[in-house]
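Student: Here's the letter readout for the chains.
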Amino acid sequence: MKKILFYILLIAGALIFLYPFIWMITASITPENQIGNLTFLPNKLTISSYTQMLGKIPIGRAFVNSIIVSSAVTLGVLIFGSLVGYALSRLEFKGRNLIFYVIIFTMTLPFQITLIPQYIIMVKFGWVDTYWALIVPYLMNALGIIMFRQYFKSIPQDLIDAARLDGCGEIKIIFKILWPNSIPALVTIGIITFMASWNEVLWPLIVIRDSQLMTMPQLVTLFAVGGSADSQLGVKLAAATMLALPIVLAYLFFQKYFIQSMAATGLKE
Amino acid sequence: MKTKKFIPYFLVAPYIFHFLLFVAFPVIFSIVLTFHQWNIISPMKYIGLANYTRLFQDKFFSQSLVNTLIFLIIHIPLQIIIALLLAETLNQKIKFRGFFRAAFFLPVIVSGVVVTILWQQLYGFDTGLFNKILTAIGLGRIGWLVDPSWAMPSIAIMATWKNVGLYIILFLVGLQTVPVHYYEAADLEGATHWQKFFKITLPMINPTIFMVVVLSTIGGFSLFIEPYVMTGGGPLNSTLSAVLYIYKQGFFYYHMGYSATLGLFFALLILSVVAIQKKFIEKDK
Amino acid sequence: MRNQFLIILFSVLIILLLISCGSQKERKSNQLLFWSSNNTQEIDFARYIVNEWNKHSKSGKVSFQPVPEGQSSEEIILAAVVGKTTPDVYSNMWQGDVEDYARAGVLVAFDTLKGFNDFIFSRCDSSVIREVTSPDGHIYQIPWKINPIMLLYNKQIVAGLGFKEPPANYEQFNFASEKYKNENIDSHGYVKKWFGYSEVLVTWWQRFFDFYPLYLAASNGAPLVKDYKAAFDNKYAVEVFSFLRNLYQHNYFAKERLSARQDVFLSSIIATRFTGSWEILHAEKFKPEGFEYSFAHMPVPNDHQGPVYTYGDPKNIVIFKTCSNPQLAWDFIHFMIDKKNDLKLSQLTNQLPRRKGLINDSLFAEYFENNPKMIEFARQSEYVRGTDPYPNLTEVFDIISQEYEECVIYGKKAPEDAIHEAAKQVNLLYIK
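Residue numbers (the working numbering), protein chains in the order written: chain A, 1 to 269; chain B, 270 to 554; chain C, 555 to 986.
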């Protein structure tokens with residue numbers, strides 16, 4: 001009896017969490033004037049919402065921008081995070097603790113306080129409306145550094161000593177020894193960073209004004225808020241579907257890693 | 270090799286550089302900016318404490334803080350109850366657990382923009398799904414996004430829907446740390462399901478609950494894209510979040526100094542709240 | 555070895571940083587860059603003008619591009635000003651923005667350029683010139699074109715309600731609205747068609763399509779801001795708020811956002827709309843068979859005297875100080891706004907140049923014959939106002955919009971209180 005209750009609850013839950021997305025997808029291929037009456041499937045299918053959207057906003061370009069920015073940021077976080085994480089976990093030097101506390105401090109700092117000055121720095125450097133503005137501020141991630149430090153601590157010292165004996169420099173140690181042995185950390189930090197970077201909207205809204213450089217979520221946001229999509233719901237939903245697609249596809253393939261990553265962040269807090 | 274001693278410094282140097290440029294300098298500059306008036310295109314003008322006096326008389330800012338409070342009061346309990354309930358259910362021996370877990374988690378990874386556009390339609394007064402259901406069962410329509418008393422709660426509900434998957438996962442992890450023999454011992458004493466839940470489960474997952482509360486609070490304070498897309502801060506400024514107001518002051522009116530002042534005040538507020546929450550929960554332990 | 559790699563990495567990073575710090579586009583002094591708006595027809599016009607100029611000019615060539623696409627052209631311009639990447643000439647500047655840029659010192663004063671003063675008085679009315687003169691006595695903008703906001707109405711519906719002429723004042727407008735409502739209400743009391751519609755948006759520029767033109771009409775073109783103080787705390791603003799509030803309270807105007815559906819005017823869901831001449835192009839393309847529409851002046855209070863003014867949504871031309879040859883820029887602009895090219899503007903974009911005496915001008919006669927609907931706009935263009943020459947106008951309109959929301963849309967405040975409060979806030983704004 002209890003089991004049946006559980007299943008009912010779970011199925012209801014799954015429906016509640018999945019149905020809106022299903023509605024969104026079906027509505028995006030429904031003719032504009034039938035969307036209001038849509039419940040499950042439309043009588044007529046159409047891709048006009050998509051063709052209209054493609055004509056109105058450079059969504060392909062935005063997709064590319066997001067790929068470039070998110071990949072660069074993820075790569076940067078993984079590389080720089082490893083460098084610092086390694087130094088903090090396995091090397092002795094003066095100021096090591098200070099830096100560690102500084103990193104913890106930045107994690108507690110709310111972004112609201114640095115928003116305006118960071119924008120002004122972008123202006124002064126001439127980085128407004130460039131990829132630099134989107135990438136550089138995010139190259140270092142405190143959480144990433146902490147996680148690398150934690151993970152590297154657990155790597156056996158003999159592995160590193162052996163490498164040193166072989167004449168490896170520190171950089172080689174990080175990339176040839178530590179990385180192959182830290183796949184879970186790399187995957188976790190990689191996924192979290194990529195996802196966060198992909199979904200970031202506030203910062204791009206502030207530093208990017210040129211629509212050729214906008215990231216995908218930023219473009220869709222402005223499309224939804226601005227006037228060019230105004231009377232057309234289907235087009236808005238088409239844009240939203242396009243925005244959701246890449247991450248959802250990645251999610252379907254790497255589901256296990258996504259969920260594990262998020263669980264891992266929770267444990268670190 | 271001589272350079273060996275300096276290697277650690279080379280490794281952390283990029284971080285130091287980055288920190289100085291993107292954290293230290295901005296914080297200091299932010300504080301300096303609060304004493305000035307600046308619209309970016311003209312030179313900065315020193316105005317002493319004028320921004321601060323304005324902040325304390327600003328009815329929009331106080332409104333935004335009230336709005337945030339309303340959001341948190343609805344969002345956090347809802348989040349915890351639903352997440353805990355579903356996590357408990359998932360923790361049982363059931364089939365297709367992976368599928369359910371994936372379904373609940375889907376809204377978490379999707380961009381907030383997608384969720385907002387979607388729910389804007391669901392909340393539509395005339396043609397939205399929710400009102401269609403309400404009228405179908407004979408009830409009246411609700412002005413989800415157009416009634417000032419409903420707008421922020423509507424956003425809170427949507428935010429719960431979006432994030433609860435993450436917290437289900439966190440609770441699952443927490444639930445699984447509870448040693449099984451506790452339950453077995455309780456079973457021997459004939460405890461009911463509820464007794465087990467309140468006497469064993471809840472206390473053991475207290476740290477997880479605390480984490481959920483803190484994360485939700487920080488999330489609530491960062492509320493921006495939802496009101497920005499869905500309501501623009503309205504109706505009657507009932508969904509104006511603090512971040513949205515800071516953004517508006519800075520990037521819409523170009524009152525850079527005042528915006529920085531709001532940001533500074535709000536950041537200190539967040540830190541205080543989180544610190545209080547920490548003290549509150551630590552005392553419990 | 556490995557450490558050298560790091561050293562090189564840093565050096566590269568630092569060099570990149572230094573390089574990207576401000577790259578200026580060096581323009582030769584006899585080359586101009588002209589930014590037009592990114593409206594398709596205006597791009598056609600710009601292309602025509604630039605080609606003609608380049609064909610005949612001996613003093614310098616002009617290249618043009620539409621203002622880069624972005625959140626809004628205002629934002630792009632601001633970003634350009636901040637990054638010092640402004641063009642030489644920009645033709646889509648909203649009149650309300652000019653004062654902010656003038657004070658920041660980024661605009662060239664036209665009255666210092668040779669040939670300007672003589673020409674401008676021959677093209678524009680003295681009241682217009684007064685309107686665009688800054689408090690410091692200089693003129694930083696050229697009034698280029700206007701799109702007067704008027705009452706668009708469905709001829710059949712209005713005639714069907716018993717009106718020989720479209721409703722001219724509030725009383726007539728309310729009467730027509732009430733009648734139309736009663737003809738279109740279903741058994742549950744749900745209104746399906748409305749006499750008019752204005753976007754229920756709190757966005758500041760939405761007031762250009764409801765409050766502001768009505769205020770100018772009621773007050774015969776009175777200012778909103780004067781001497782750094784709110785000038786609208788008067789009976790006209792209160793009457794306008796009352797009129798609009800009434801429309802929403804009686805459901806003569808829809809409170810819900812109808813723009814989520816297809817064009818509500820062309821599908822006869824609404825009978826009137828406050829809008830500009832850009833509607834004509836759209837309406838001609840999409841109107842159903844037999845659909846007839848026209849334009850009339852904005853409704854005014856019942857006791858109104860004199861001509862009916864309105865808001866002209868003026869877009870003006872400016873020269874940025876980054877221009878190395880302002881005199882050449884002015885010569886180019888002079889060419890762009892001479893009578894022949896003003897006519898071309900109307901022909902290509904269906905918008906009116908802000909030139910005096912259009913109605914009686916022989917050159918424009920044929921144009922008006924072919925575009926009779928534009929005659930109403932040309933008549934109205936004699937009685938058009940832009941914005942007052944003060945900074946922070948966006949915020950002024952935003953303050954008014956906040957009170958508008960509370961009073962007009964939600965009926966939570968009396969019109970007098972709303973106007974008082976708005977005026978108070980505006981005064982506070984200018985104290986700083």
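A few of these clues could be false.
[What the hints assert, rightly or not] Here are the computed distance ranges between Cβ atoms for each label pair:
1) C:Leu982 with B:Met313: 54 to 64 Å
2) A:Leu165 with B:Gly367: 37 to 47 Å
3) B:Gly317 with A:Trp179: 37 to 47 Å
4) A:Lys124 with C:Asn738: 56 to 66 Å
5) B:Ala544 with C:Leu982: 32 to 42 Å
6) A:Trp179 with B:Thr446: 25 to 35 Å
7) C:Asp857 with A:Lys124: 53 to 63 Å
8) C:Glu629 with A:Lys124: 17 to 27 Å
9) B:Leu289 with A:Trp179: 41 to 51 Å
10) B:Glu458 with A:Leu249: 44 to 54 Å
11) B:Leu289 with A:Thr51: 42 to 52 Å
[Said to hold, decoys possible] Result set (BS3-like, lysine-lysine): computed pairs, CA atoms no more than 25 Å apart in a straight line:
12) C:Lys615 with C:Lys709
13) A:Lys56 with C:Lys841
14) B:Lys314 with A:Lys2
15) C:Lys978 with C:Lys668
16) B:Lys468 with A:Lys2
17) B:Lys401 with C:Lys875
18) C:Lys668 with A:Lys56
19) B:Lys328 with C:Lys978
20) A:Lys2 with B:Lys364
21) A:Lys124 with B:Lys314
22) C:Lys612 with C:Lys839
[Unchecked claim] If the Cβ cut is set under 8 Å, some of the chain C residues that face chain A in the computed set are:
23) Val621
24) Pro622
25) Glu629
26) Ala633
27) Gly637
28) Glu737
29) Leu835
For the record, the hints were derived by calculation from the structure and aren't laboratory data. Think of the CB as a built atom: it goes at the ideal place given N, C-alpha and C, for glycine as much as any other residue.
Student: Indicate, hint by hint, whether the structure satisfies it.
Tutor: Comparing the hints with the structure gives:
For Leu982 (chain C) paired with Met313 (chain B), a C-beta distance near 21 Å fails the hint of 54 to 64 Å. For the pair Leu165 (chain A) and Gly367 (chain B), the beta carbons lie near 45 Å from each other, so the given range of 37 to 47 Å is met. About 54 Å separates the C-beta atoms of Gly317 (chain B) and Trp179 (chain A), a value inconsistent with the hinted range of 37 to 47 Å. With their beta carbons about 59 Å apart, Lys124 (chain A) and Asn738 (chain C) fall inside the hinted range of 56 to 66 Å.
As the Cβ distance of Ala544 (chain B) to Leu982 (chain C) is approximately 35 Å, the hint placing it in 32 to 42 Å holds. Our hint of 25 to 35 Å for Trp179 (chain A) and Thr446 (chain B) holds, since their Cβ atoms are close to 30 Å apart. One distance hint, 53 to 63 Å for the beta-carbon pair Asp857 (chain C) and Lys124 (chain A), holds here, with the actual separation near 57 Å. A hinted range of 17 to 27 Å for the beta carbons of Glu629 (chain C) and Lys124 (chain A) is consistent with their spacing of about 18 Å.
For the pair Leu289 (chain B) and Trp179 (chain A), the supplied restraint of 41 to 51 Å is violated, since their beta-carbon distance comes to about 28 Å. As the Cβ distance of Glu458 (chain B) to Leu249 (chain A) is approximately 50 Å, the hint placing it in 44 to 54 Å holds. For the pair Leu289 (chain B) and Thr51 (chain A), the supplied restraint of 42 to 52 Å holds, since their beta-carbon distance comes to about 49 Å. Proposed proximity of Lys615 (chain C) and Lys709 (chain C) is contradicted: the alpha carbons are some 49 Å apart, above 25 Å.
At most 25 Å may separate the alpha-carbon atoms for a hinted pair to count; Lys56 (chain A) and Lys841 (chain C) meet this at roughly 23 Å. Taken as a hint, the Lys314 (chain B) and Lys2 (chain A) pair is broken in the structure, with Cα atoms around 69 Å apart against an allowance of 25 Å. Between the alpha carbons of Lys978 (chain C) and Lys668 (chain C) the distance comes to roughly 43 Å, so the proposed pair goes past 25 Å and is violated. A distance of roughly 21 Å separates the Cα atoms of Lys468 (chain B) and Lys2 (chain A); the hinted pair therefore holds under the 25 Å criterion.
Between the alpha carbons of Lys401 (chain B) and Lys875 (chain C) the distance comes to roughly 58 Å, so the proposed pair goes past 25 Å and is violated. For a cut-off of 25 Å, the pair hint linking Lys668 (chain C) to Lys56 (chain A) is broken: about 43 Å separates their Cα positions. Restraint check for Lys328 (chain B) and Lys978 (chain C): the C-alpha separation of about 14 Å stays at or below 25 Å, so the hint holds. Annotation: proposed proximity of Lys2 (chain A) to Lys364 (chain B) holds, straight-line Cα distance about 14 Å (limit 25 Å).
Between Lys124 (chain A) and Lys314 (chain B) the alpha-carbon distance is near 18 Å, which keeps this suggested pair within the 25 Å criterion. Under the criterion of a C-alpha separation no larger than 25 Å, the hint pairing Lys612 (chain C) with Lys839 (chain C) is inconsistent with the structure, at around 42 Å. With a least beta-carbon distance of about 10 Å to chain A, the hint placing Val621 (chain C) at the interface is violated under the 8 Å criterion. Checking Pro622 (chain C) against chain A: minimum C-beta separation of about 5 Å stays under 8 Å; hint holds.
Interface restraint check: Glu629 (chain C) against chain A, minimum CB-CB distance 5 Å, threshold 8 Å, status holds. Proximity of Ala633 (chain C) to chain A holds as hinted, the smallest CB-CB distance being about 5 Å (cut-off 8 Å). At about 6 Å, the closest approach between the beta carbon of Gly637 (chain C) and any beta carbon in chain A falls short of 8 Å, and the interface hint on this residue holds. Hint status for Glu737 (chain C) relative to chain A: violated, with the closest Cβ pair at about 24 Å, above 8 Å.
A least Cβ separation of about 16 Å between Leu835 (chain C) and chain A goes past the 8 Å threshold, and the interface hint is therefore violated.
Comparing the model with each numbered hint stated earlier shows that hints 1, 3, 9, 12, 14, 15, 17, 18, 22, 23, 28, 29 do not hold.
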